[in-house]
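S.K.: Sequence:
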Amino acid sequence: MVSGTRRALLAGIVLIGKCRLTKFKVWLKEWGLKSSRAQAHTFETVSGPIQEIQKKFPTTGAETMRHHLRLKFKIRVPRELILKYNRKTDPIAVAARKAGRIRRRVFYAAGVNHVWAFDQHDKWQRFGLRLHLGIEPFTGFLLWLIVWWTNSNPKLVGREYFRAARKYGGIPMLTQSDHGTENYHIAYAQTSIRHQLDPALSGTLQHNWMRGHTNIKPERAWGRLRDTWSKGFEDMFAKGVDNQWYNPSNTLDSLTFQWLAIPYIQQELDLYTEMHNTTSRRANKHKILPHGIPEEMFRFPPMVDACDFKIVVPPDMLDEAEAKWAPPEDPVFQLVPPTFETYVTQCFEDLGKPEVTFETFWDVYCGLRNLVEVAVPEDVTMTLGESIRSDVGMKEPFELADLEEPQLEHVLESEDEGGEDKVPCVDFTNEEGRDQLF
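Numbering (the working numbering), first residue to last: 1 to 438.
Think of the hints as simulated: they come from the structure by calculation, not from any bench.
Just so it is clear, CB atoms sit at the ideal spot from N, CA and C, and this is done for glycine as well.
Hints should not be assumed to be uniformly reliable.
Taking lysine-lysine and the DSBU-like style, the derived pairs with C-alpha atoms no more than 35 Å apart in a straight line are [unchecked claim]:
no.: 1; residue 1: K167; residue 2: K310
no.: 2; residue 1: K84; residue 2: K72
no.: 3; residue 1: K239; residue 2: K310
no.: 4; residue 1: K167; residue 2: K324
no.: 5; residue 1: K123; residue 2: K310
no.: 6; residue 1: K74; residue 2: K84
Using C-beta positions, here's what the derived DEER-type ranges look like [as the list claims (entries may be wrong)]:
no.: 7; residue 1: T342; residue 2: R87; range: 50 to 60 Å
no.: 8; residue 1: Q334; residue 2: P248; range: 14 to 24 Å
no.: 9; residue 1: G352; residue 2: T42; range: 23 to 33 Å
no.: 10; residue 1: R226; residue 2: E386; range: 15 to 25 Å
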């Protein structure tokens, strides 16, 4: 299976005319990339893979199911065949997915890397897990999608901004988020770097603060995640709580769960991100933003006749900003406290280092939790309970003195909802069927 990155590179080669399209097809044939028609799957051959995917993603639609099959089982199945399967096996769910309403929303973007938008997600807070994402709205490319024990610490969110800047070779013209304190360090860093590179911007804020539900693209990304991905994992975690295997208020329960669940869920989120970034959005004649595969559009803007506003930043400047706004030694980057890490790692080795999967998660957790109960001394447990990190406690005040600019009140008071200098791009939100439009 060819990775999304290689596909994007091949698309770039074809785009700039370094090979003919016929040669491109020869390469695909050599790599064994057969079309859906050539693979000739039937109702019987796809039933098993679909059922396995539905255990984890019970609400996923036909189009998303097609991409799960492509990534997980390396098979290409016509959408019509999946629809036929769904209508026969679960007609009630099919009818429920058709009951969507479309609301018109407007998003402003002039091209690729004009804006990077961010948002947090607290629907899993009851399990001790919190999510955060960054998205390039013009192409719909997910810059990051992470799970951690907090998403309200600005240093943690800032680290993802710096990682993305290094990974993708620069920063955007503007960053954008709601008024949450977790986004302060991105606003600081973006504004500071832009001012250093272009002194003419002195006195201006290079971050848009959005009020209400005007941070459209990240909200739609969360909606799609919940519609097509979240339910299976939520049901799995709820099973542990309902059966009293896991009590989020218990210190050892909470730390053991975080140590086991966060790396596992991050792997699943990485697979979701790959599928999202390498999958073309469904065509929509009402949508002005470009159609296509997000990764290809993000890496090769000329494919969709778009400009790339990416700003290249010297590595030493990024290092300096990261040391100030997201210092690597900060405790927020520790999965669990170091003391507990020592005990739980040894217990996991004693357990035989079992593989953590959707089916085995609670078996592994219960076995590990029993060993941790015996291994961790009571006084250490009490110390961990007293010092355990609170998500609310990690929030930091916004210090105006951290940026030496004359218009800093704008940081707290601005509400950028578009203007004459922005290019309006009409987009739509399908409240019940984001799988179809996003």
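S.K.: Where does the structure disagree with the numbered hints, that is, which hint numbers, in rising order?
M.R.: Going through the list in order, the structure violates hints 3, 9, 10 and respects the others.
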